[in-house]
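K.L.:
Below, each chain spelled out in residue letters.
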Amino acid sequence: MVNAFRRCTLIVVCALLPALGAYAQTLRIGLAEDPDVLDPTLARSFVGRIVFASLCDKLFDIDEKLAIVPQLATGYEWSADNKTLTIKLRTDVTFHDGEKLDAAAVKYSLERHKTMAGSNRRGELAPLASVDVVDAATVRLNLTAPFSPLLAQLADRAGMIVSPKAAQAEGDKFGAKPVCAGPFKFVERVAQDRIVLERYANYWNKANVHFDRVVYLPIPDSTVRLANLRSGQLDFIERLGPSDVPQVKSDARLKLTKITEIGYQGITINVGKSDLAQKNPLGRDPRVREAFELALDRDGIVQVANDGEGDPGNQWVAPTNAFYAKGMPIPQRNVARAKELLQQAGVTNPSFTLMTPTTADAQRIAQVVQAMAREAGFDVKIQSTEFATSLDLADKGQFDAYVLAWSGRADPDGNIFSFDACKQPLNYAGYCKPEVDDILNRSRSTRDVAERTKLFGELAAIVLKDRPIIYLYHRHWLWAYVSKLDGLRAIPDGLPRVTGVRFK
Amino acid sequence: MTTFIIRRVATIIPTLVFVSLLIFGLQQLLPGDPAMILAGEERDPTVIAHLRETMHLDQPFPVRYAYWLRGVLHGDLGESLRLQQPVRGLIADKLPVTLELACIAIVIALAIGIPAGVVSAVKRGTVWDYGANVVALWGLSTPNFWLGIMLILLFSVTLGWLPASGYVSPFDDWRANIASMIMPAFVLGNAIAAVLMRHTRSAMLQVLSSDYVRTARAKGVLERDVVLKHALRNALIPIITLGALEFGTLLSGAVLTEQVFTIPGFGKLIVDAVFNRDYAVVQGVVLFTATAYIVLNLLADIAYAIVNPRIRVQ
Numbered sequence: 109m110v111n112a113f114r115r116c117t118l119i120v121v122c123a124l125l126p127a128l129g130a131y132a133q134t135l136r137i138g139l140a141e142d143p144d145v146l147d148p149t150l151a152r153s154f155v156g157r158i159v160f161a162s163l164c165d166k167l168f169d170i171d172e173k174l175a176i177v178p179q180l181a182t183g184y185e186w187s188a189d190n191k192t193l194t195i196k197l198r199t200d201v202t203f204h205d206g207e208k209l210d211a212a213a214v215k216y217s218l219e220r221h222k223t224m225a226g227s228n229r230r231g232e233l234a235p236l237a238s239v240d241v242v243d244a245a246t247v248r249l250n251l252t253a254p255f256s257p258l259l260a261q262l263a264d265r266a267g268m269i270v271s272p273k274a275a276q277a278e279g280d281k282f283g284a285k286p287v288c289a290g291p292f293k294f295v296e297r298v299a300q301d302r303i304v305l306e307r308y309a310n311y312w313n314k315a316n317v318h319f320d321r322v323v324y325l326p327i328p329d330s331t332v333r334l335a336n337l338r339s340g341q342l343d344f345i346e347r348l349g350p351s352d353v354p355q356v357k358s359d360a361r362l363k364l365t366k367i368t369e370i371g372y373q374g375i376t377i378n379v380g381k382s383d384l385a386q387k388n389p390l391g392r393d394p395r396v397r398e399a400f401e402l403a404l405d406r407d408g409i410v411q412v413a414n415d416g417e418g419d420p421g422n423q424w425v426a427p428t429n430a431f432y433a434k435g436m437p438i439p440q441r442n443v444a445r446a447k448e449l450l451q452q453a454g455v456t457n458p459s460f461t462l463m464t465p466t467t468a469d470a471q472r473i474a475q476v477v478q479a480m481a482r483e484a485g486f487d488v489k490i491q492s493t494e495f496a497t498s499l500d501l502a503d504k505g506q507f508d509a510y511v512l513a514w515s516g517r518a519d520p521d522g523n524i525f526s527f528d529a530c531k532q533p534l535n536y537a538g539y540c541k542p543e544v545d546d547i548l549n550r551s552r553s554t555r556d557v558a559e560r561t562k563l564f565g566e567l568a569a570i571v572l573k574d575r576p577i578i579y580l581y582h583r584h585w586l587w588a589y590v591s592k593l594d595g596l597r598a599i600p601d602g603l604p605r606v607t608g609v610r611f612k
Numbered sequence: 016m017t018t019f020i021i022r023r024v025a026t027i028i029p030t031l032v033f034v035s036l037l038i039f040g041l042q043q044l045l046p047g048d049p050a051m052i053l054a055g056e057e058r059d060p061t062v063i064a065h066l067r068e069t070m071h072l073d074q075p076f077p078v079r080y081a082y083w084l085r086g087v088l089h090g091d092l093g094e095s096l097r098l099q100q101p102v103r104g105l106i107a108d109k110l111p112v113t114l115e116l117a118c119i120a121i122v123i124a125l126a127i128g129i130p131a132g133v134v135s136a137v138k139r140g141t142v143w144d145y146g147a148n149v150v151a152l153w154g155l156s157t158p159n160f161w162l163g164i165m166l167i168l169l170f171s172v173t174l175g176w177l178p179a180s181g182y183v184s185p186f187d188d189w190r191a192n193i194a195s196m197i198m199p200a201f202v203l204g205n206a207i208a209a210v211l212m213r214h215t216r217s218a219m220l221q222v223l224s225s226d227y228v229r230t231a232r233a234k235g236v237l238e239r240d241v242v243l244k245h246a247l248r249n250a251l252i253p254i255i256t257l258g259a260l261e262f263g264t265l266l267s268g269a270v271l272t273e274q275v276f277t278i279p280g281f282g283k284l285i286v287d288a289v290f291n292r293d294y295a296v297v298q299g300v301v302l303f304t305a306t307a308y309i310v311l312n313l314l315a316d317i318a319y320a321i322v323n324p325r326i327r328v329q
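Keeping their order, the protein sequence lines are chains R and F.
Going letter by letter, the first sequence gives residues 109 to 612 in the numbering used here.
Going letter by letter, the second sequence gives residues 16 to 329 in the numbering used here.
Quick caveat, the hints were computed from the structure, so don't treat them as lab data.
Please read all numbers here as calculations on a predicted model, not as lab measurements.
We put the beta carbon where it would ideally sit given N, CA and C, even for glycine.
Watch out, some of these pointers could steer you wrong.
[To be verified] DMTMM-like mimics (lysine to aspartate or glutamate), calculated; alpha carbons at most 20 Å apart, straight line: (1) R/K281 with F/D108; (2) R/K504 with F/E56; (3) R/K281 with F/E238; (4) R/K208 with R/D240.
[To be verified] Just so you have them, the derived chain F footprint on chain R, three or more residues with Cβ under 8 Å: (5) 252 to 264; (6) 327 to 338; (7) 449 to 455.
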C-alpha cells in the first residue's frame, strides 16, 4: 500500500516536472533611465548598453577581470605589423529573423558602423580601413595603422552584428525594431515605460538562457526603483542609490553586488581651452593646480559625495586596474604643502569658479571640494548649471573648472585618448602636449601589455603633474536583486549579462 | 450664430501662428547645443555635424521655422531624434495616459473637496470645520513627490497591496490599470481637493448668508434641503470653473507625480525632451497643448454664445 502510494506520488511529481519547467519565467529589470535608440550603430547612452547586453551579441566580450573573451568570434590573430586582424567566427549563429550570421554579415555591420550617417561608432573604428570576407567563417580587418584598443572596441557596440536583411529593410528606423543575434529578441518598446524581449529559441548558447522574457522598466527615481524591488515587482535594479545600501543589506530577501566602475569622477580644469585659462591662476600655474589637489581628501569626498560607495583614485583607471601607473600613487592631503605652493606661486587666496551639473552627486562633490579647498586658501565659487548647458560652456571653454564623470571603456585608451590628446572632442581642458600625443599613439600601436603598462606609466608622470583633469574616485556600480537570482557576473563595465542567470 | 463662429475661428489662426513662433523662438533661447547633448557621451564631431544638419541647426532661424511649419501644416510634427519615433505617435501614446490620470484625480478631488467644504461651512467654528481646515492645509502643504513615496512605502512595500509604479492599459487589464492609477491619482487629487475645499467653504458661507437661503429656512425647508438643494447648487458654479481649470493644469502639470510613479504620460514626455534637447518633441507637445487650450476656449465661447445671445451680438 505504502509502495503504491510512493509510486503514485512519484508519477505525479514526474508528470508535473516538465510543467514546472515550462512555466514562463520573466526577469524584470529596473533601469535608471529610458534608453535612447536601440540601434548599435546610432546608440549613445550607457543605459542602452544594458539592453543590448541581452539583445545583441558582439564579436568579443569582456570578463570579470576585463580580459577580452570571444562571443560571436571563436578566435583571432594579429598580423606581424599589427595592421591586420583576422577573426574566426562561430558557425552556429543565426539572427532573430532566422538569417545566418556569417562573415558577410560581419562585414556589413562593421561597414554600417563606419559609413552610416550619424553613426556613433565611426570614431571607435576610425583606423579600420576595410573588411575582407576570407571565407564564410572568417573576416579580415585591415587597419590604416596599428590600433591595440580595437579588440576592446569590438567587445562593445562597435562589435555588435546586426541582421543585414533587417538593417537594409529598415534603414535608419532599424532601432525601432532591432534584429540582432543575442539571447533575446525584441518584442516591443513603449517609450518611457518598458522594453520587452523574448528568448530566442535558436540562440547559439541557449543552454545558458533561463528566462523566457526580460522586461526592462525605466524608473528614474532610485527610491522608487528600490521600492519596486522590495514590493516584488522587479527582480533586479541597477544603480541603487548609495544611501540605500544599508536598507538592502538589512533585507534578507535581497542581495547586493558592488563593482568598481571602469570610469571615473573628476574635475576638468581649463588649462588651454580658451583665454580664460590664462586669466585664472588655476589654469595658468601648475603649482596652483598641485596645491588644489593637495587640498583634497579623496576618502572624505567619497564618503560625503557617494556615501562611501567608491574607490578613491588619481588616474583614469582605478588602482586595481592592470594599467594603473603604480609609480604615481594617490597623493595624501597636505594642506600645509598646498599653502606653501600657493605662496610660491604668489597667489595665497586664488579664486575660481567650479562648474557642476545639477545632479545630486556632482553637487555634493562640488560642495565638499569647496570646503576642503577653503582650508588651503582657495575661494571656490560653485556654479550649478543644467547638464546640456554645462557641456556647451565646457566646449566653448567658458569655465575654470568642471565636475565631470566618464562612464569608462574597457581599454584604458578609451579613458584617456579623447581627453588628453590635442584637439580631441572630449578634451575640454584644452590640454595639448606633443610628447603626450606621441606616447598615446605609441600605446595604440603596441599590443604588448608590459610595453603598454610602461607607456601609461610615462604618460601618468606627465599628465598627472600637468593636471588637466584631477581624478577623484571610481564609483561602485550597485546592483540590488532578489536573493533567488543566481549566476550574476560582476563585469566591471556595469552591464548585467542575463545569460547564465536563473532563479534558484 | 454662424458669423460669430466664423469670426471666432478666424481669430484662432493668428493666435496659433503667434503661439508657434513663440514656441519655436523660446526654444532657440534655451542654452546648450542640442546636437551636442544628443550626440551622447562620445560627442563625435561628425555625429554632431550630422545632427545639426538633420535638425537644420546649420540654417538661419526663419529657414528652420519654415521647415518646421511646413511639416506641421502637413500634419507632421517631426521625429524624436533620441527615440527615433514620430512625435505624433508619442503624443497619441502618452495623452490617453495623462487624460485618464487627470480624470481619476479630478474625481477624487471633487469627492473629497466638495463634501469637506460643505461640512466646514455648515459646521462653521466647530471641530468639524477645524478638522476639515487642517486636512485642507495638509493637502496643500504636502509635496506631491513626498506623499507619493510615502504611499509607495506603505501600500506597495509594507502592505503589498498596490504596484509601486508603472502603468497598465485598461484594455490589457482593467483591474491592474486601476491598481496602477489609484496612488498617483490620489496624490494629484489630494492637492486639488484642498483647493476645492477652501473655495467650496467660502462660496457656501457666502450663499448660506444670502436672503433666499434665509427665506427658505423661514418657509420651514429642511436644513438638509437648504444646504444641498438651495445653497450648494449656487455655490457650485465657481467650483466647477475652478475644477475645469485645475483639470487643464493637470494635463501638463502632473510631471512630478508621473516621475515618482513612472507613469509614461505627457508631463514626463516633455520634461525628458527638454533635458535631452529633443526639440521636435518639445515643439510638438507644446504646440499640441496650446492648440488644445485654444480650441477648448473656442468651444467655451461658443457654448456661452448659445446660452447667452447677448454675447453673439457683442
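K.L.:
Each hint: holds or not?
P.N.:
Results of checking the hints against the structure:
no.	hint	verdict
1	R/K281 with F/D108	holds (19 Å)
2	R/K504 with F/E56	holds (17 Å)
3	R/K281 with F/E238	violated (67 Å)
4	R/K208 with R/D240	holds (18 Å)
5	252 to 264	violated (count 0)
6	327 to 338	holds (count 8)
7	449 to 455	violated (count 0)
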